[in-house]
Amino acid sequence: MSHRLPTPLPRFDRSLLRAAGLLVPFSERQDWCDSWQAELWHMHHHRRSRFASLRLSADVSYGLVLDALWLRAESWRRTFGGTPILCIASLFTLCSAVLLLAFLLNTGSHQLTGHFRAIIGRSLGAAPLVIFVAYATASPSHEAQNSRSRPFAWLNRKLFLVVKTLLVLLFTCLLSTDITHPLHKLFPLTADLIQVLAFVFFSLLALRWSFFDQEQRCKQCLRLLTTPARVGRPSRNLLEWNGTEQVCKQGHGTLSVPEIETSWHQYSQWIEQVSEAS
Amino acid sequence: MPSATPTRLSHSAALILKAISLGYRFGLDVMEVTGLPSGTVYPALRRLERDELVESKWEPEDEAFASNRPARRYYQVTRTGKAAALAATERYPLLARLLPEKQA
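In the order they appear, the protein sequences are chains A and B.
In this text, residue positions in the first sequence follow the numbering used here: the first is 1, and each later residue adds one.
In this text, residue positions in the second sequence follow the numbering used here: the first is 1, and each later residue adds one.
Hints listed in this document are in silico derivations from the structure and should not be mistaken for laboratory results.
Check the hints yourself; a few may be wrong.
To be verified - Cross-link-like lysine-lysine pairs, in silico, DSBU-like; alpha carbons within 35 Å at most: (1) B:57 x A:249; (2) B:57 x B:102; (3) B:102 x B:82; (4) B:82 x B:57; (5) A:249 x A:185; (6) A:249 x B:102.
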């Protein structure tokens, strides 16, 4: 609904409302404008000293902009929170940041190319071993109940894991380079050795995170699962289910993770929600 | 969805929630009684509303127009918010003394 004002607002307020309103998501813009028009009108029609009025006006203008920014950030959070796009974008941003740092640390572009070529060669040599160890020590994948064959969902999952793994390896490679850079001028051989060891250490940690993150996602839409809830009683481990359940916000299914592997089910179970239509 | 356990609030969020529970229903009123800047109050009101501790409604327009002023959005504490305000008062005992009750 649009609200009328008994007297118009000053020009500055109207311009500010129009400009800050552009930050607000379209579906909430009219309501936001009406709320702030009323607040500003009441602010101007309340008896205060001129100085207090000016100070309040400046403060409220700042709050108005922050409120609009909050609504925009909240809208992005609702849209992208837990999505695979956000995960990939975050990893890409991290990679760009460490790459930029590497550029800043190395002055000459010629020197940088040669330096990177050697590092990437060494890291490529270590990467298959790191991937093998991380995959072998990762917890086993879930058993799936009610699962119907969804070739595209399977393909999406694998594609997401591959992209994530590549970005994680690139990030750890660049990070290990940046960390050992100060040492490289003094002890080049030692720095090279530390770089490889740092790459192996960081990439093992990062790949473990990558596999863990993959398990915590919906098998259909790849969004992060939410609202973890404890189920069962720990005192009846051998007789009943005891563990944690997480659900997909979109209603695609539930992931049941047992507390210990001997209770009821050995592995985590992905229970797909079967819609009534299907 | 409101949580079963009372939400833990920051000091400023607890102050704002307490102010609303004492009858300060508008953003400007809350700013004036708490002394907090608008950049803190309005985003905090949004967060409290998102967490279902407060709810906002529009005043009836004819009622506002009878007083020759535009209708405003006002806030009131929900049942979950009341529990959170009580928990916050226990956590920050000075809150109850900081804010006077709104005169009708």
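To see whether the hints hold, each was checked on the structure:
Taken as a hint, the residue 57 of chain B and residue 249 of chain A pair is honoured in the structure, with Cα atoms around 28 Å apart against an allowance of 35 Å. Between residue 57 of chain B and residue 102 of chain B, the direct Cα distance comes to roughly 19 Å. Compliance with the 35 Å bound is thereby established for this hinted pair. This hinted pair checks out: residue 102 of chain B and residue 82 of chain B have alpha carbons roughly 17 Å apart, not beyond 35 Å. Distance check on the hinted pair: residue 82 of chain B and residue 57 of chain B sit about 17 Å apart at the alpha-carbon level, within 35 Å; holds.
Among the hinted pairs, residue 249 of chain A with residue 185 of chain A is inconsistent with the structure: their alpha-carbon atoms are about 52 Å apart, more than 35 Å. Annotation: proposed proximity of residue 249 of chain A to residue 102 of chain B is violated, straight-line Cα distance about 41 Å (limit 35 Å).
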